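Undergrad: Below are the chains, spelled out letter by letter.
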Amino acid sequence: MLRFVFRRLLQLIPILLGLSILLFAWVRALPGGPAQALLGERATPEAVEQIEAQLGLDRPLWEQYVQFLGRAVRLDFGASLQTGQPVIEEMARRFPATIELAIAALLIAVTVGIPLGYLAARRYGTWLDSVLVSASLLGVTVPIFFLAYLLKLVFAVQLGWLPTAGRSDPRARAEHPTGFYVLDGIVTGDPAASWDALTHLILPAVALASIPLAVIVRMTRASVLTVLHEDHVRTAEAKGLLAGTIVRHHVLRNAMLPVTTVIGLQMGVLLAGAVLTETVFAFSGVGKFMADGIVQRDFPTIQGFILVIAVSYVLVNMIVDIVYGLLDPRVRVS
Amino acid sequence: MSFLRVRDLTVTFTRPGQAPVRAVDGVTFDVGSGQSVGIVGESGSGKSVTSLAVMRLLPARNVQVTGSIELGDQDLLALSARQMRDVRGRDVAMIFQDPMTSLNPVLTVGRQLVEVIVRHDGRSVAEARRDAQALLERVGIPDPARRLREYPHQLSGGMRQRVMIAIAVACRPRLLIADEPTTALDVTIQAQILDLLRDLVEESGSALVMITHDLGVVAGLCERVHVMYSGRIVESAPATGLFARPAHPYTDGLLRSIPRIDDEERGMLHTIRGSVRDVVAWEHGCAFQPRCDHAVESCLGGPPPVHDLTGAPGHRVRCPRPVHPATPATGTGRSEGSA
Chain P
1 MLRFVFRRLL QLIPILLGLS ILLFAWVRAL PGGPAQALLG ERATPEAVEQ IEAQLGLDRP
61 LWEQYVQFLG RAVRLDFGAS LQTGQPVIEE MARRFPATIE LAIAALLIAV TVGIPLGYLA
121 ARRYGTWLDS VLVSASLLGV TVPIFFLAYL LKLVFAVQLG WLPTAGRSDP RARAEHPTGF
181 YVLDGIVTGD PAASWDALTH LILPAVALAS IPLAVIVRMT RASVLTVLHE DHVRTAEAKG
241 LLAGTIVRHH VLRNAMLPVT TVIGLQMGVL LAGAVLTETV FAFSGVGKFM ADGIVQRDFP
301 TIQGFILVIA VSYVLVNMIV DIVYGLLDPR VRVS
Chain A
1 MSFLRVRDLT VTFTRPGQAP VRAVDGVTFD VGSGQSVGIV GESGSGKSVT SLAVMRLLPA
61 RNVQVTGSIE LGDQDLLALS ARQMRDVRGR DVAMIFQDPM TSLNPVLTVG RQLVEVIVRH
121 DGRSVAEARR DAQALLERVG IPDPARRLRE YPHQLSGGMR QRVMIAIAVA CRPRLLIADE
181 PTTALDVTIQ AQILDLLRDL VEESGSALVM ITHDLGVVAG LCERVHVMYS GRIVESAPAT
241 GLFARPAHPY TDGLLRSIPR IDDEERGMLH TIRGSVRDVV AWEHGCAFQP RCDHAVESCL
301 GGPPPVHDLT GAPGHRVRCP RPVHPATPAT GTGRSEGSA
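In order, the protein sequences belong to chains P and A.
Per the UniProt record's numbering, the first sequence runs over residues 1 to 334.
Per the UniProt record's numbering, the second sequence runs over residues 1 to 339.
Read the hints as simulated data drawn from the structure, not as lab findings.
Fair warning: this is a prediction, and the values are worked out from it, not measured in the lab.
For glycine and all other residues, C-beta sits at the position ideal for the given N, C-alpha and C.
A few of these clues could be false.
To be verified - Among the chain A residues that face chain P by a calculated CB cut under 8 Å, a handful are:
no., residue
1, 55
2, 58
3, 85
4, 101
5, 103
Unchecked claim - Covered by chain P, according to a simulated footprint, are these stretches of chain A (three or more residues, beta-carbon under 8 Å):
no., region
6, 86 to 95
7, 114 to 121
Working from the sequences, and respecting the hints, build out all of it.
TA: Okay, here's the thing in structure tokens:
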């Protein structure tokens, strides 16, 4: 198992190298540059040149890349052009919010999606199955920002059950040692703060969960349907095992294999979706800062954030592969 | 009194918007305690559906099962789903065709054996593990302690079928149903598996229903044979009688389609013309009529009755013009049937 993890970590090197080149080229292919964005449309060419020289953007691309790479391995992505603060510090401040949001969304998607998918498969061809399949189709097709506004309108504005935006009540004076607000309340022994953070988390998490939830429902349904018709389930029935045992050990256990892979892939969707969700709910995470960074042509921020997101994506998928190996002995051997 | 009594078993598959398909049509047979019975037929004859119906393993939806299936003093079709779970694996167990897919790929061999022992024998997991190891040893798996910890994909096809057999006999069922247990295996392994099955059945005194398309398998293993065609039993006889004097033209055709190494003529292999799809609905006549070399017009005048062959006790055939009548005076000779 250790060798497997080590091998996967080694594979990370070429992936990241390739990604950094792509990213570097893509950021510079954007029309306009940071100098233009900083100075506005009417900037004189001289002023633009001066700023570019300051930022080192006048040097050959390969030189800029080598310098970027040399710093990046030391986790130095330069200073944000928006705030002047080191990108790494901006990240440290904002990542917990995004991770908290993504985990909450994933929890919702998994804990609701798997049972619903299983239910649809067991009621295959009935009205319940049709409803679940149509609803999940709606889930993947409705844009997150639309759903986000809709949820906000109904549950925050009309019904007033949940707060409209932010991560916590601005009047509250809670401490945030970890940056994960729900966790912070527990750590500092302030359950009210945890509760407050949780109520702020629900709507954005539900909005963000919509796509992974729908994908997990559909995948679980398809996978359970396949497994139900497999010979070994018939064997389990022939052994006279109890229905619950068959479901847990012979159907779900096997059906979870493809679902695990899909859950890993959904992490990418979650991180991308977080940008929109955070914007709608003024949830001060990575997504919002990066969206602003792209508008501002904040090269250091974009490069740093995307690189870190890419690494976390690869790491999450590595964890998924490890889990897959634990679930499926056939993978472990090869 | 027979241990398993199947009476007028009919299985109909219904699909909305499509004509219902009667896969098994009024099948009646008995299996005595400790008796070995073969059910022979080609793909689509209804033999596997019959066995699944006895196990009550057919899907509940779009399938209609009528008739009666009695096991000991239990009426299986009257049992609740929950009660049937107690019967399966304990009183009657089944071995399936493909050992490659019949075991759960993500659970160890030991786990799959232990769970059935724990379920029916009410033993602790530790006790069941000891039993499981003994069972693996009994079915001829070397190094059983290690094999218990392995997964199905680490075992060969023959080994896996031995594991399937171990699972089936784990709770000493009084009836074992084997549905083509050797079809997916190499020929050399086939013989070993059949020997094992025969030994186990003799040892435990349990009854055996062997479902197969292979008459050779039946010859070496079964006391009584039922030949199925298009959902009905067309001939039933003691194994020796069936092989010596096949009465139904279909049985006769099957037996003569077996290539013989000591055959004098090096001619064409005998075949039954047409395919299983060329059938007549039983209510209009004999389903085998379109493929039969003996067919006459009257074969299409309603369902052919079953009658006993005179002079051959227990030999029944669903054909008015049997190939091998038991007494030479009443019928035609074999020469008429040769193609």
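Undergrad: Each hint: holds or not?
TA: The hints, checked one at a time:
no., hint, in the structure
1, 55, "holds, 6 Å"
2, 58, "violated, 10 Å"
3, 85, "holds, 5 Å"
4, 101, "holds, 4 Å"
5, 103, "holds, 6 Å"
6, 86 to 95, "holds (count 7)"
7, 114 to 121, "holds (count 4)"
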